[in-house]
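Residue numbers (our numbering), protein chains in the order written: chain A, 1 to 381; chain B, 1001 to 1155.
You may find that some hints are simply not true.
Each pair of labels, with its calculated beta carbon distance range [what the hints assert, rightly or not]:
(1) A:Glu61 x B:Glu1095: 31 to 37 Å
(2) B:Glu1095 x A:Leu219: 36 to 42 Å
(3) B:Glu1095 x A:Lys87: 51 to 57 Å
(4) B:Glu1095 x A:Asp284: 40 to 46 Å
(5) B:Ser1155 x A:Lys195: 54 to 60 Å
(6) A:Arg132 x B:Gly1090: 26 to 32 Å
The list that follows gives simulated cross-link-like pairs (lysine-lysine, DSBU-like), each with its CA atoms no further than 35 Å apart [to be verified]:
(7) B:Lys1149 x A:Lys171
(8) B:Lys1048 x A:Lys268
(9) A:Lys87 x B:Lys1131
(10) A:Lys171 x B:Lys1048
(11) A:Lys171 x B:Lys1131
(12) A:Lys46 x A:Lys123
(13) A:Lys171 x B:Lys1132
(14) B:Lys1120 x A:Lys122
(15) A:Lys164 x B:Lys1149
(16) A:Lys195 x B:Lys1149
(17) A:Lys164 x B:Lys1151
(18) A:Lys121 x A:Lys46
(19) B:Lys1149 x B:Lys1132
(20) A:Lys285 x A:Lys210
(21) B:Lys1132 x B:Lys1048
(22) A:Lys195 x B:Lys1151
(23) A:Lys87 x A:Lys121
(24) A:Lys9 x A:Lys70
(25) B:Lys1132 x A:Lys164
Some, not all, of what chain B presents toward chain A, calculated at C-beta under 7 Å [as the list claims (entries may be wrong)]:
(26) Asp1040
(27) Asp1042
(28) Thr1043
(29) Phe1046
(30) Ser1053
(31) Gly1055
(32) Asp1115
(33) Ala1118
(34) Lys1133
(35) Asn1137
Source of the hints: derived by calculation from the structure; they are not laboratory data. Just so you know, even glycine gets a beta-carbon here, dropped at the ideal spot from N, CA and C.
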Amino acid sequence: MSADDSTFKVLDSILANSQFALTIADLNGILTVFNEAAEELTLYSKEEVLGTPVTRFYCNEQECFDLWKKMRRCGRVEEYETMLVRKDGSLVPISLFVAEIHDQNGQVVGSIGLSVDQSEKKKLASELERERARVSFYNDVLRHDIRNAVQTISGYLQMLTEGKRVETDRKAIEVCLRQIRRIRDLIENVGLLEKIEAQGENISRPLELKAMLQDVIDLVRDAYTDREVDFEVSLPICGRVLVYGCPLLQDALFNLVDNAVAHNSRNKPWVKVSLAVDETVCTDKPEQATITHRITVEDNGPGVTPENRNEIFDRFVKLRLGGSGLGLSVAKAVAERCGGRIWVEDRIEGEIDRGSRFVLELYTESVERKELRPRPGANSS
Amino acid sequence: MKNSKSGSRRATCEKNSLIVEFRDNGPASDSAKVLIVEDDVDTLGFFKMLFTSAGHTVWGACTTGENALSLCESAETLPDVALLDYRLPGIDGIETAEKLLALDPFMEIVFCSADDSARKFAEAIGVRRFKKKPVENANLLRNVDQAYKDKLRNS
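Input sequences plus hints: build the corresponding full structure.
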């Protein structure tokens, strides 16, 4: 074997085993070498592209010419970030290295290009960025709201210890307790949102709604022993009401009912919690039906203006609205995790100040009446 | 902006009304008329009590910047000191401060916010009193007292 043959064998082996997509083009930009990694990256076969212009891989020809000019000026261009056009028209982010190739006399005869697929790196970078934003958001909410609550608690306690009469001392203590409860709920809700966001897998299990709603009302009642709250409950008379859903549904319902009391400054807040079950039978397939479980929480509070009806569920907008709790964001995230939906409307249409009605609907498809199956699409993250 | 014509005119009115107040009430210069803008009703209630018990007059207590502005726009005399939160529903504390200063360039502003990042915005509009929540009662009262003294000296 001659020295030249041996060199070619080594080069072939490098080309075939390279992790980099390697291409060589002549002075006219016509491809002369295209390795296996390049085939994998571009989805073109060697036969399809050899002898054709390299410009086909660029979003526009001008970019290719500019890169060529830059390479001729400097001899090489490193870590050039661009989008590569694949055979199916899709774009893939790459990092490109290009350098001149010289003959024995030092004359430029073409260029070599090495590309690395950056899509995984970009994906990870954007996931990292999202994660950072999430952590920073929760940090911000916790710090801001806890500082606010501590302001009121420590302020009142300082006045009390200095012996200053604070309206009635009892009222000051009530306010402090309310603020402490707020901090507790905030920490709880941040934990819940983290849990929902972290759980990508199917976490559904059968839940009994009647008992759950009764528990929720008891929990809220216990939280407001200092206020006279009128709770009304309307549940179906029939036996158990089962749904498939995320176990955090109880927390979501707690937030809805708690919200109805917490934001109601009337002397006697009134809250009505109802559950209704509807069955819609498919006309063409009478054996199939969609069961809708509709949970409503009505109050006689200040109502929600139409422009805020979507925003109150959005935790990122919440701060701008001046509110603090994340309760409704939790309720929305859980409803969506269960394949359901949530919204707010006037309790009496057109009369905002007569209170709100929060509605949470869950859907289940049943083949036979006794069998329950989660609706397709439910539980997907 | 701070020296706009309407601002000066209002400031003059304010000055006169202050003089009248001094004549009527004698040495009442340690009692400031305080406007509080704070969206948390519990904190708002606490501030009201704190300033009242310290002998100040709570001129107004609002949960939004918009409410505070409309209160000021329709009032004959304006508050001496405005204690503002930063994160508010609707316009934020900084915008509220700018608009209050346009109404009365001599009004003293004290920010009290849990969001320390707003400090630089406050400085950018010339407000140097910025207290980060939670702040001690004595510290907050001292700042409001000092702001009121500055108001009397400047106007």
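*Please write out, lowest number first, the hints stated earlier that are contradicted by the structure.*
1, 4, 9, 16, 22, 31 and 33
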